[in-house]
Amino acid sequence: MKTVREILVNVDKCTGCRACEMACSAFHSNPKFSSINPANSRIRVVSNEITDEYVPVFAGNYTKAGCDGRHVYMIDGKIYSECSFCRASCPTRDYFIEPDSHLPLKCDMCESTPPLKQPWCVEVCSEGALVYSEREVEREEPVQAALGQVETGLQALMKQHGTEAVIARLTQMRDQK
Amino acid sequence: MRYAETGFNLEVDLTRGTCERVATQHDLAEHYLGGQGSAAKLLWDRVPAGTDPFSPDNLLIFSTGLLHGTPLPACNRTVVNTFSPQTNLMSHSLFGGFFGPEMKYAGYDKIIIRGKAPDLVYLYINNDKVEIRDAKHLRGKGCTETGDLLKKELKDQGVQVAAIGMAGENRVFMATIDHNYASAARGVGVIMGDKRLKAIAVRGTSAVNVARPAELFEMSQRIHQKMAGSSGCGDWMAVDEDDSFHHNHFAWGNARTRRPGYWNEELQDRWTRLKYDNMDRQTGCYNCPKKCRNVIKMPGHPRFGYKCFGKDTYHMAAYLELDFSFEILAVAQEYGVDSYSMPQVIAFALELLEAGILTDKDFPGMPADVKGRFFYLLEKIVRREGIGDILADSVSQAARRIGNGAEAFDHNTTKKFEQLPIKLGKLNPAYFLMIATGEKMSITQIEGSFPQDPLPTEEQRQEFVNGWEAVPDEKFKEYFLNWKKRSDISDEATCDIVDWNEAMHYIDDSLGFCGFVSSFRGQFGGDVPYHMNNIPEAIELATGMQMDKPKLWKNFQRIRTLIRAINVRRGLRRKHERPPEDHWAVRDEKYEQELLSKYYTFKGWNSEGIPTRQTLEELDLAYVADDLEKSGILDPTVGASR
Numbered sequence: 001m002k003t004v005r006e007i008l009v010n011v012d013k014c015t016g017c018r019a020c021e022m023a024c025s026a027f028h029s030n031p032k033f034s035s036i037n038p039a040n041s042r043i044r045v046v047s048n049e050i051t052d053e054y055v056p057v058f059a060g061n062y063t064k065a066g067c068d069g070r071h072v073y074m075i076d077g078k079i080y081s082e083c084s085f086c087r088a089s090c091p092t093r094d095y096f097i098e099p100d101s102h103l104p105l106k107c108d109m110c111e112s113t114p115p116l117k118q119p120w121c122v123e124v125c126s127e128g129a130l131v132y133s134e135r136e137v138e139r140e141e142p143v144q145a146a147l148g149q150v151e152t153g154l155q156a157l158m159k160q161h162g163t164e165a166v167i168a169r170l171t172q173m174r175d176q177k
Numbered sequence: 001m002r003y004a005e006t007g008f009n010l011e012v013d014l015t016r017g018t019c020e021r022v023a024t025q026h027d028l029a030e031h032y033l034g035g036q037g038s039a040a041k042l043l044w045d046r047v048p049a050g051t052d053p054f055s056p057d058n059l060l061i062f063s064t065g066l067l068h069g070t071p072l073p074a075c076n077r078t079v080v081n082t083f084s085p086q087t088n089l090m091s092h093s094l095f096g097g098f099f100g101p102e103m104k105y106a107g108y109d110k111i112i113i114r115g116k117a118p119d120l121v122y123l124y125i126n127n128d129k130v131e132i133r134d135a136k137h138l139r140g141k142g143c144t145e146t147g148d149l150l151k152k153e154l155k156d157q158g159v160q161v162a163a164i165g166m167a168g169e170n171r172v173f174m175a176t177i178d179h180n181y182a183s184a185a186r187g188v189g190v191i192m193g194d195k196r197l198k199a200i201a202v203r204g205t206s207a208v209n210v211a212r213p214a215e216l217f218e219m220s221q222r223i224h225q226k227m228a229g230s231s232g233c234g235d236w237m238a239v240d241e242d243d244s245f246h247h248n249h250f251a252w253g254n255a256r257t258r259r260p261g262y263w264n265e266e267l268q269d270r271w272t273r274l275k276y277d278n279m280d281r282q283t284g285c286y287n288c289p290k291k292c293r294n295v296i297k298m299p300g301h302p303r304f305g306y307k308c309f310g311k312d313t314y315h316m317a318a319y320l321e322l323d324f325s326f327e328i329l330a331v332a333q334e335y336g337v338d339s340y341s342m343p344q345v346i347a348f349a350l351e352l353l354e355a356g357i358l359t360d361k362d363f364p365g366m367p368a369d370v371k372g373r374f375f376y377l378l379e380k381i382v383r384r385e386g387i388g389d390i391l392a393d394s395v396s397q398a399a400r401r402i403g404n405g406a407e408a409f410d411h412n413t414t415k416k417f418e419q420l421p422i423k424l425g426k427l428n429p430a431y432f433l434m435i436a437t438g439e440k441m442s443i444t445q446i447e448g449s450f451p452q453d454p455l456p457t458e459e460q461r462q463e464f465v466n467g468w469e470a471v472p473d474e475k476f477k478e479y480f481l482n483w484k485k486r487s488d489i490s491d492e493a494t495c496d497i498v499d500w501n502e503a504m505h506y507i508d509d510s511l512g513f514c515g516f517v518s519s520f521r522g523q524f525g526g527d528v529p530y531h532m533n534n535i536p537e538a539i540e541l542a543t544g545m546q547m548d549k550p551k552l553w554k555n556f557q558r559i560r561t562l563i564r565a566i567n568v569r570r571g572l573r574r575k576h577e578r579p580p581e582d583h584w585a586v587r588d589e590k591y592e593q594e595l596l597s598k599y600y601t602f603k604g605w606n607s608e609g610i611p612t613r614q615t616l617e618e619l620d621l622a623y624v625a626d627d628l629e630k631s632g633i634l635d636p637t638v639g640a641s642r
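These protein sequence lines are chains Y and C, in that order. The first sequence: position 38 = 38 (this note's numbering), numbered continuously. The second sequence: position 552 = 552 (this note's numbering), numbered continuously.
Rather than coming from a laboratory, the hints here were simulated on the basis of the structure. Every value quoted in this text rests on a predicted model; they were computed, and no experiment measured them. Beta carbons: idealized from backbone N, C-alpha and C, even for Gly. Mixed in with the good hints, there may be bad ones.
[Said to hold, decoys possible] Which residues of chain C face chain Y? A few of them, derived with a C-beta cut under 7 Å, are:
no.: 1; residue: P71
no.: 2; residue: A207
no.: 3; residue: A228
no.: 4; residue: Y276
no.: 5; residue: D280
no.: 6; residue: C288
no.: 7; residue: P289
no.: 8; residue: T444
From just these sequences and the hints, can you work out the full model?
Structure follows, in structure tokens:
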């Protein structure tokens with residue numbers, strides 16, 4: 001069994017206060033809580049008061065290339081851009097990029113020793129727009145033991161040229177030697 | 001490195017087109033905190049007494065609070081100060097939202113604007129990069145519309161924008177500066193417009209550092225949790241739909257008529273449905289667990305946000321219902337006008353028409369119905385067209401320009417500023433002093449810590465004081481325990497109560513705290529998360545500066561006295577310190593003047609309400625005393641005597 005840690009985002013409950021950004025940046029500063037900088041936060045509230053859009057989004061994987069972001073979603077009559085839900089740290093926007101080093105940021109669920117009860121963003125979200133949960137899932141059977149370098153190479157050759165051709169060629173090479 | 005503050009101001013000269021990042025004096029916060037406190041020091045030092053508010057030498061200052069950007073919750077009110085053409089005194093204005101913290105993250109404690117641009121410009125601040133940019137394409141655009149357009153133009157949804165609408169552009173005295181759905185009222189939009197500054201767009205990505213991180217964060221979280229679960233702070237009007245208090249007790253029209261018994265259950269049900277059927281959500285300001293702003297979108301009308309009494313002013317001025325306020329607020333907010341003073345100006349104009357002082361010729365094409373008339377006058381005023389050009393100068397000045405008896409209809413102003421529409425029976429001594437001597441122009445900006453009314457039984461009073469953490473001194477518990485009838489309270493207690501009420505506002509407005517979690521809210525329930533007993537610790541942990549209750553109190557007195565001196569230098573005297581004559585039906589001039597004298601003495605001011613040399617010296621303001629003596633305002637031969 002393994003533990004999956006999740007944060008449920010309820011956009012209808014978000015008030016746009018950005019306490020989550022404050023707490024995240026404080027926790028991840030060094031020493032802890034010594035500085036506040038929402039630009040350093042691993043959660044950002046994508047907001048637009050004109051369209052009534054308030055979407056907390058967590059930093060996910062880094063991507064080298066930006067995208068066109070052309071998809072537009074309409075949910076309950078409200079328009080959301082693709083960026084609203086995208087977790088990528090990408091060159092298209094300045095979210096999830098550490099402002100000084102320009103290195104990508106990624107949510108680590110406030111990893112800490114000893115572990116926190118829940119991540120700080122959830123802790124400060126008194127409206128319940130962010131809800132933390134843990135659930136146990138069956139661990140999948142481990143796949144076969146990892147292949148070594150030689151095996152990986154041979155497997156690729158066998159796939160491309162056929163097993164027989166590879167054996168024949170290997171035999172030939174051994175005999176020539 | 002400084003803690004909590006950035007240590008830099010942004011100085012912008014719109015005449016010369018220069019922007020400069022200037023280091024601030026390192027011990028400024030020790031004496032004046034930040035926000036309005038240090039802004040007052042700048043206005044004293046740099047704007048000579050005779051400066052016309054419309055002169056390029058007038059400054060328009062956007063200040064962060066000393067504690068903005070720290071983890072302390074509900075610390076986000078940006079302060080705007082300048083000199084007002086309406087009162088010729090220092091303007092005091094605040095707005096919530098995200099602007100102040102963003103300024104700090106961009107690296108500035110203040111943005112100081114002087115001069116005037118040749119044509120409409122906006123200021124773009126992206127950390128160290130500061131540009132004065134052309135804004136002709138934004139002319140006539142609404143306040144939130146401007147914010148939206150700038151975010152698109154700058155390709156950055158994270159930019160925070162404060163903008164004026166058409167009212168500010170046209171130098172309407174009631175013009176506001178708006179940010180998201182928050183409004184800086186009380187006469188600052190007019191100066192931003194006069195400087196031809198349409199908007200400030202700010203974006204910051206640097207850190208605010210604090211002195212004692214773990215302790216401050218722990219304190220912040222304790223306060224955050226208290227606030228989130230408490231009904232003792234925040235705007236109760238966001239959740240309590242029983243608004244009988246304002247509708248039954250405040251005056252309607254041009255602050256004329258009380259309608260006791262107006263409120264009823266059927267009305268409450270209908271208005272509650274109207275609100276919730278059209279409300280998208282309630283939103284909060286930066287790092288605050290309360291959600292005081294109601295965001296409304298009526299079909300066919302623009303979206304807007306309101307909080308508190310702002311939802312009542314228009315329909316009460318027009319003797320209409322809530323749906324009218326919703327309709328007109330959606331338009332008025334984009335024009336950028338003060339929803340407290342504007343409805344009174346319109347109602348005043350309609351009274352003059354009824355009285356024959358103005359005639360139909362002054363209102364060409366005006367509809368016959370009151371709703372149509374309000375919209376008509378709103379348009380005329382924000383455009384300064386026809387009679388709107390005169391009305392745009394506010395009730396007091398318009399009355400004098402119109403003449404012919406119009407002055408008598410200017411019945412609800414103090415220091416030329418529109419007051420809340422409250423007309424009561426018997427004089428309330430504390431409220432007399434607060435309205436008379438307040439220099440923040442609205443009673444909401446001075447009342448708030450001591451309860452408005454006594455509790456009926458001794459048990460209730462005892463229970464109230466038992467849990468009363470906010471009192472700066474035990475004597476306030478005594479005052480409350482012995483207080484049985486509203487107007488029956490000693491002058492000594494009255495002076496102390498007014499002083500405490502005032503103190504909390506001056507402290508909040510220098511640190512950046514919202515009145516709904518501090519200065520304004522204690523009067524209703526007493527259970528505020530920020531008060532004199534924990535604010536000193538918050539300052540210490542955030543800034544590293546040594547602070548305790550006596551020192552903080554002295555800071556309040558210093559800032560308050562400096563602001564008094566600023567206004568005294570511009571002509572404020574005892575004769576101006578009069579609540580509207582009809583505020584109470586029963587008045588007692590002799591008693592009122594005696595009380596005022598006692599309060600002046602209590603404050604260390606002379607009989608004209610001018611701080612004495614001794615008071616000024618005790619507050620390290622000898623330089624102010626020198627100046628007041630040099631300009632003949634204080635008599636040097638009186639010296640140290642009070």
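Status of the hints after comparison with the structure:
Interface hint at C/P71: satisfied, since its Cβ lies 6 Å from the closest Cβ of chain Y, which is below the 7 Å cut-off. This hint holds: C/A207 has a C-beta 4 Å from the nearest C-beta of chain Y, less than the 7 Å allowed. For C/A228, the interface hint holds, since its Cβ comes within 7 Å of a Cβ in chain Y; the closest pair sits about 4 Å apart. Among the interface hints, the one on C/Y276 is violated; its C-beta lies about 14 Å from the nearest C-beta in chain Y, farther than the 7 Å criterion.
Because the closest C-beta pair between C/D280 and chain Y is about 4 Å apart, less than 7 Å, the hint holds. The beta carbon of C/C288 comes within 5 Å of a beta carbon in chain Y, closer than 7 Å, and the hint placing it at the interface holds. Hint status for C/P289: holds, given a least beta-carbon distance of 4 Å to chain Y, under 7 Å. Annotation: C/T444 was flagged as interfacial toward chain Y, and the flag is violated, the nearest CB pair being 23 Å apart, outside 7 Å.
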